[in-house]
Amino acid sequence: MAKPKYSHLSLSLFLIITITIITSSPPSLASRTSNFPSSRWAPRFLGKFSSSSPPKQPQPPKQQQQQPKIRYETRYFAQRLDHFSFSDSPRFQQRYLINTEHWVGPQRLGPIFFYCGNEGGIEWFAKNTGFVWEVAPQFGAMILFPEHRYYGESMPYGNKDEAYKNASTLSFLTAEQALADFAILITELKRNFSAEGCPVVLFGGSYGGMLAAWMRLKYPHIAIGALASSAPILQFEDIVPPETFYDIVSNDFRRESSSCFNTIKESWDALVTEGKKQNGLRQLTKTFHLCRELSSTDDLANWLDSAYSYLAMVNYPYAADFVMPLPGHPIREVCRKIDGCRDGTSTLERIFEGVSIFYNYTGQAKCFELEDDSDVGTDGWNWQACTEMVMPMSSSRHASMFQTYDFNLSSFQEECWKDYNAKPRPTWITTEFGGRDIKATLKSFGSNIIFSNGLLDPWSGGSVLQNVSETIVALVTEEGAHHIDLRFSKKEDPEWLVEQRATEIKLIQGWLEKFYQESKSNFDM
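Residues -24 to -1, 1 to 501 in mature numbering (1 follows the signal peptide of the UniProt record, and there is no 0) are what the sequence shown lists, from first letter to last.
Worth flagging that the hints you see were computed from the coordinates, not collected in a lab. It is possible that some hints are incorrect.
[As the list claims (entries may be wrong)] In silico lysine to any residue, SDA-like type, Cα no more than 25 Å apart, as pairs:
no.: 1; residue 1: K194; residue 2: P303
no.: 2; residue 1: K262; residue 2: I200
no.: 3; residue 1: K496; residue 2: F169
no.: 4; residue 1: K467; residue 2: F115
no.: 5; residue 1: K136; residue 2: T76
no.: 6; residue 1: K466; residue 2: A450
no.: 7; residue 1: K415; residue 2: E446
no.: 8; residue 1: K415; residue 2: L483
no.: 9; residue 1: K103; residue 2: E446
no.: 10; residue 1: K467; residue 2: T249
no.: 11; residue 1: K313; residue 2: T249
no.: 12; residue 1: K415; residue 2: Q442
no.: 13; residue 1: K166; residue 2: K136
no.: 14; residue 1: K166; residue 2: S61
no.: 15; residue 1: K496; residue 2: Q442
no.: 16; residue 1: K136; residue 2: E99
no.: 17; residue 1: K166; residue 2: T76
no.: 18; residue 1: K313; residue 2: E468
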């Protein structure tokens, strides 16, 4: 499969496109083709969409729904650039969102619900984490959404250009520094509110879920528990098989239609074959309604690859516009399009009909751009993936609908050195936070963590899927997708999702009740 251009990657690292509506015909093409190399970046999380500018397309009437409004105040906190040095470290302004509307205050030890910011602008995550906003009132909780350093407006050195200038300025973009930011922010805010005794509950989805789990383990005195949704804390080294992610994506398609799976699997060879023909790239540009001339089949392969992976992540049972306007069960709809073409339709024409569900469900786009905007969210994750967030990915020969390839660490290291003068440390995350023999480690040293996962989510294969103890619980749903439990509730929510959220609320209530009981006992003493 094609290796994306490095500057266009993110925890993830496929190309993500911005759909543009253009009516003019594409220009002529150069006749350059490429086979797909075996080395591969890890697929991205959804943080990319926090800073991209999605197309302003009207949704079909049946899909229009009011997004619940949330209220917050935007504030800034002066953070040290380097928490692990005793020199006079520079500071930067960390943005955070705060809501105290329902907080019962420090006298009643009102809890603080703290979302661990992901790899993108924090407002997007706040607007798409409805669970926190919906349950906070019943707990009398303050809500905090801090932004992750080097993303959104929380930019060291004053601006993005300086922050992303070189390996030296980027060296402070790490999970360890981000967790220290969160710990310092919580401590200082509690002091400012005279709320030192108030309990903190952590929330996070995807990379934010990883941070929530790690923070509970690293800073148990800061937070009493964590809800880590779709958090692949085991997606490192060889803890899980490297083909796990793409096998799950593939199975999501195969469960809907074996013929759909086979068509996609056959399409990669068809794509390469067509690209090698005289004027083949011109024909591919026409088939896939591209706005610009296609100079390599790699770019088109990445575009398709990206769509399938994102579809698996957001394969929700209801219509949503989380990343793109999509129908409910979008993979089912993609396969219906692919399988429903009339006899004689070519493989690649079928593929275009299918991916149009993801890229153009509203039907407003006339042509498609394959080039990434290369925004801050993407660039930041490139660095993290090239240093400590090394998640090996490969594609198996039979179970995967993607072209077979193996993760090539040497090629990965060469690209990282070329682009950043940085050497990946594939074992650092497991050294810093653990991962191997995770059950024994969590059982001995951890408590009060919920790992929630839906098995349709390709990241679920790298998460904790079994209960570890009475207080470290795995909530696993067969039909769930990427951190669906953290999204706003809907009237269309299936019963299993309603029950899952009720269980999460009950567990969090238990943490708080135990905290209050222990606090009362200590006070009485």
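Hint check:
1. K194 - P303: 40 Å, violated
2. K262 - I200: 56 Å, violated
3. K496 - F169: 21 Å, holds
4. K467 - F115: 23 Å, holds
5. K136 - T76: 31 Å, violated
6. K466 - A450: 23 Å, holds
7. K415 - E446: 12 Å, holds
8. K415 - L483: 20 Å, holds
9. K103 - E446: 32 Å, violated
10. K467 - T249: 47 Å, violated
11. K313 - T249: Given that 25 Å is the threshold and the Cα spacing comes to 23 Å, the pair holds.
12. K415 - Q442: 9 Å, holds
13. K166 - K136: It is violated: about 30 Å lies between the C-alpha atoms, which goes past 25 Å.
14. K166 - S61: Holds, because 24 Å separates the two Cα atoms, which is no more than 25 Å.
15. K496 - Q442: 33 Å, violated
16. K136 - E99: 18 Å, holds
17. K166 - T76: 13 Å, holds
18. K313 - E468: Holds, because 24 Å separates the two Cα atoms, which is no more than 25 Å.
Going down the numbered hints, you'll see the structure goes against 1, 2, 5, 9, 10, 13, 15, while the others check out.
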